[in-house]
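Student: With the sequences and hints as input, model every part of the structure.
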Amino acid sequence: MSFSLLRQVKPAIFKKKNIFGGSGITPIYQLIRGILNNLEDKIAITLIYGANRDEELLLKEDFEQFEKTFPGRFKVAYTGSHPVEGSAFHRGYVDRELLEEVALPLKNTETKVIVCGPPAMENSLIGKGGVPGIL
Numbered sequence: 001m002s003f004s005l006l007r008q009v010k011p012a013i014f015k016k017k018n019i020f021g022g023s024g025i026t027p028i029y030q031l032i033r034g035i036l037n038n039l040e041d042k043i044a045i046t047l048i049y050g051a052n053r054d055e056e057l058l059l060k061e062d063f064e065q066f067e068k069t070f071p072g073r074f075k076v077a078y079t080g081s082h083p084v085e086g087s088a089f090h091r092g093y094v095d096r097e098l099l100e101e102v103a104l105p106l107k108n109t110e111t112k113v114i115v116c117g118p119p120a121m122e123n124s125l126i127g128k129g130g131v132p133g134i135l
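In this note's numbering, the protein residues as written are 1 to 135.
Watch out, some of these pointers could steer you wrong.
[Unchecked claim] As a list, the in silico EDC-like pairs of lysine to aspartate or glutamate whose alpha-carbon atoms are at most 20 Å apart:
hint : residue 1 : residue 2
1    : LYS112    : GLU56
2    : LYS68     : GLU85
3    : LYS128    : GLU101
4    : LYS60     : GLU85
[Claimed, not checked] Quick list of the computed label-pair ranges, beta carbon to beta carbon:
hint : residue 1 : residue 2 : range
5    : ARG73     : PRO27     : 33 to 41 Å
6    : SER81     : ILE114    : 18 to 26 Å
7    : PRO71     : GLU40     : 13 to 21 Å
What the hints contain is simulated information worked out from the structure, not anything from laboratory work. Note that CB positions come from ideal geometry on N, CA and C, so glycine has one too.
Tutor: Given below as C-alpha cells:
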C-alpha cells in the first residue's frame, strides 16, 4: 500500500492504535505516516518498536520527528533484547510489563492493536495454535 492511498482512507472510528513493530517496521511506518498526515484523522498512536540492538532501530529520527510534530497523537517506546550498555531503551522483549507501562488499556473497544514483526513476537502477543498470547 502506498502513501498516496493511505491519505485517501477515511478516518477510523476507533480513537487509539497500539502498534508493535519489529522486522515489520517499514509497512507500519507507511501506515503511521498516512494516519498522522490525514488532517481529518484524530487517532492517537502508540508505537512499541522492538529490535535486538539499538543500532538496528530503523527510522528512529522519523519517529522522533513525529512525536514533535504530532504531540498527543504519536508516542514511541523502544525496547531491545540486547541494547548497548547504558541504553535509555527498555531492555527485553515486548512483554506484559512493557505493554502495561506504555500502551494499556489494550482490551478497550476504542483501541485497535496492530502487530507486525517476527513470528516469535507475533506468537507471544497474539498466540498460536490455540495457545493465547498476552493480548
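Student: Hint by hint, note whether the structure agrees.
Tutor: Results for each hint:
With a CA separation close to 26 Å, the supplied pair LYS112 and GLU56 exceeds the 20 Å bound. Of the pairs offered as hints, the one joining LYS68 and GLU85 is violated, with about 27 Å between alpha carbons and a cut-off of 20 Å exceeded. The suggested pairing of LYS128 with GLU101 is violated, with an alpha-carbon distance near 25 Å, which exceeds 20 Å. Only pairs whose Cα atoms come within 20 Å are accepted, and LYS60 paired with GLU85 is accepted, the gap being roughly 19 Å.
A hinted range of 33 to 41 Å is violated for the C-beta pair ARG73 and PRO27, which are about 20 Å apart. Hint check: SER81 to ILE114, Cβ distance near 21 Å, so the stated range 18 to 26 Å holds. Between PRO71 and GLU40 the Cβ separation comes to about 18 Å, which falls inside the hinted range of 13 to 21 Å.
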